[in-house]
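Please construct the entire structure, taking both the sequences and the accompanying hints into account.
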Amino acid sequence: MSFLTNWLEHYGNWVLFFSLLLEMLALPLPGEVLMSYAGLLVFQGKLNWILSILTAGAGASVGMTISYWIGFGLGTPFFEKYGTRIHLGPDKLDKVSHWFQKYGNKVLIIAYFIPGVRHITGYFSGVTRIPFRKYAIFSYIGAFFWVSVFISLGKVLGPKWEQYHHTINRYLIIGGIIAAVIFILVYIYRKNKQQIENQLISSLNKWVQRFQSMGKVRFFVLSVFVVFVLFFSLMIGIIQDFFEKEFTQFDEVTSYVIHQIFDSSWTASMNNFALLGSYYVYAPVIILTSVWIFFKGKDRFLEISFFAFVIIGGEILAEGLRMLFHRTGPELVGLQFPYTFPSEQTLNSLTVCGFAAFLLVRHYGNVKMQITATLFVFILCLLVGISRIFFNVQYPSDVAAGYIFAGAWLSLNVILLEIFRILRNKECTA
Numbered sequence: 000m001s002f003l004t005n006w007l008e009h010y011g012n013w014v015l016f017f018s019l020l021l022e023m024l025a026l027p028l029p030g031e032v033l034m035s036y037a038g039l040l041v042f043q044g045k046l047n048w049i050l051s052i053l054t055a056g057a058g059a060s061v062g063m064t065i066s067y068w069i070g071f072g073l074g075t076p077f078f079e080k081y082g083t084r085i086h087l088g089p090d091k092l093d094k095v096s097h098w099f100q101k102y103g104n105k106v107l108i109i110a111y112f113i114p115g116v117r118h119i120t121g122y123f124s125g126v127t128r129i130p131f132r133k134y135a136i137f138s139y140i141g142a143f144f145w146v147s148v149f150i151s152l153g154k155v156l157g158p159k160w161e162q163y164h165h166t167i168n169r170y171l172i173i174g175g176i177i178a179a180v181i182f183i184l185v186y187i188y189r190k191n192k193q194q195i196e197n198q199l200i201s202s203l204n205k206w207v208q209r210f211q212s213m214g215k216v217r218f219f220v221l222s223v224f225v226v227f228v229l230f231f232s233l234m235i236g237i238i239q240d241f242f243e244k245e246f247t248q249f250d251e252v253t254s255y256v257i258h259q260i261f262d263s264s265w266t267a268s269m270n271n272f273a274l275l276g277s278y279y280v281y282a283p284v285i286i287l288t289s290v291w292i293f294f295k296g297k298d299r300f301l302e303i304s305f306f307a308f309v310i311i312g313g314e315i316l317a318e319g320l321r322m323l324f325h326r327t328g329p330e331l332v333g334l335q336f337p338y339t340f341p342s343e344q345t346l347n348s349l350t351v352c353g354f355a356a357f358l359l360v361r362h363y364g365n366v367k368m369q370i371t372a373t374l375f376v377f378i379l380c381l382l383v384g385i386s387r388i389f390f391n392v393q394y395p396s397d398v399a400a401g402y403i404f405a406g407a408w409l410s411l412n413v414i415l416l417e418i419f420r421i422l423r424n425k426e427c428t429a
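Per numbering that gives the first Met the number 0, the sequence shown starts with residue 0, numbered consecutively.
You can take every hint at face value.
Pairwise CB distance ranges, derived in the manner of DEER restraints:
{"no.": "1", "residue 1": "S268", "residue 2": "R299", "range": "35 to 43 Å"}
{"no.": "2", "residue 1": "F219", "residue 2": "Y279", "range": "27 to 35 Å"}
{"no.": "3", "residue 1": "S277", "residue 2": "E243", "range": "29 to 37 Å"}
{"no.": "4", "residue 1": "H325", "residue 2": "S277", "range": "21 to 29 Å"}
Hints listed in this document are in silico derivations from the structure and should not be mistaken for laboratory results. Every residue gets a Cβ at the ideal spot worked out from N, C-alpha and C, and that includes glycine.
Here is the structure:
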């Protein structure tokens with residue numbers, strides 16, 4: 000590895016180009032490490048950021064093109080006979096074949112982040128005669144996205160590259176795998192939407208036979224229940240990590256990256272972002288949502304009651320958890336209540352704004368309105384969390400815990416609201 004980094008320092012983008020080209024031909028070269036080291040050289044002013052991304056992306060794209068035409072020329076019989084000698088035996092080809100048959104060319108974009116998969120997708124695409132135009136579009140987009148992430152990562156890490164790059168690379172690989180799983184699940188759902196909905200509704204009928212509501216409502220309740228189980232599992236995991244003191248590396252790396260991305264020139268903006276996690280924003284949201292429920296809500300008293308319960312209960316939950324875990328934040332100066340796990344601001348911002356957005360989405364069929372409300376909550380909560388880390392008043396794990404506890408609390412109350420709504424409608428029609 001050291002000789003490659005030395006070559007990169009002396010010969011710059013030429014080494015980056017040919018290294019990624021050869022890696023895409025399935026040669027065992029450390030592409031992620033080399034790209035993040037190139038980012039370090041960008042930080043030091045020895046390489047140009049944009050030129051490095053273009054060069055690396057071009058190298059990966061050329062490598063993927065060559066591997067495609069090699070696979071196209073040799074065909075299936077060659078790899079069945081000799082593939083095991085170059086780690087491209089029938090088993091691996093069958094696995095990737097299964098992926099492509101199920102999930103299509105879009106998997107090429109995600110495959111770059113999964114070691115072992117990106118090295119054979121080009122060969123396989125040629126062997127199976129995937130149209131080159133379709134292959135090129137997705138593989139080239141994936142190549143430039145992949146190199147941009149890792150080179151930018153090295154640029155952000157700067158002098159801490161050697162200390163943190165292995166850790167963050169691991170996070171990115173895990174993130175790539177998670178993204179692949181999410182993509183696969185979404186793709187499967189879109190391809191088998193009717194069958195899945197029928198199966199879920201059938202299962203829900205067995206679990207909640209007493210509810211005679213519409214199928215869409217039953218499906219929605221079950222979907223939110225799945226979300227609740229996910230957040231509850233994350234909540235158990237983060238509590239275990241808290242007691243086992245597993246947050247040190249995550250906090251250190253995340254704080255460093257945030258402070259590298261957002262320098263002191265962001266102070267004024269961060270002050271504004273911090274206000275998003277206060278009652279300067281919550282109060283108008285609460286008032287406007289309450290007025291909207293009063294005039295537009297279908298079950299006014301029920302929705303107002305739950306909205307109040309979510310807000311008050313969320314505040315009590317945040318206070319109680321912080322007193323229970325008794326963890327002090329990075330800086331204690333001027334804080335009367337220094338306990339920060341989980342973050343009160345991220346927990347409250349997600350519960351208050353999230354439940355308000357849910358009520359809006361619940362009653363409006365307009366897709367644009369639904370997407371806008373969801374993005375608003377996501378961006379607002381993200382900015383609140385970043386501001387807490389930027390000012391060193393909370394650890395990244397505090398912020399993450401706030402999101403997780405809020406997600407569990409919010410999804411639980413959405414389920415309860417819908418169940419009460421179903422029971423109430425049943426009584427009215429009885």
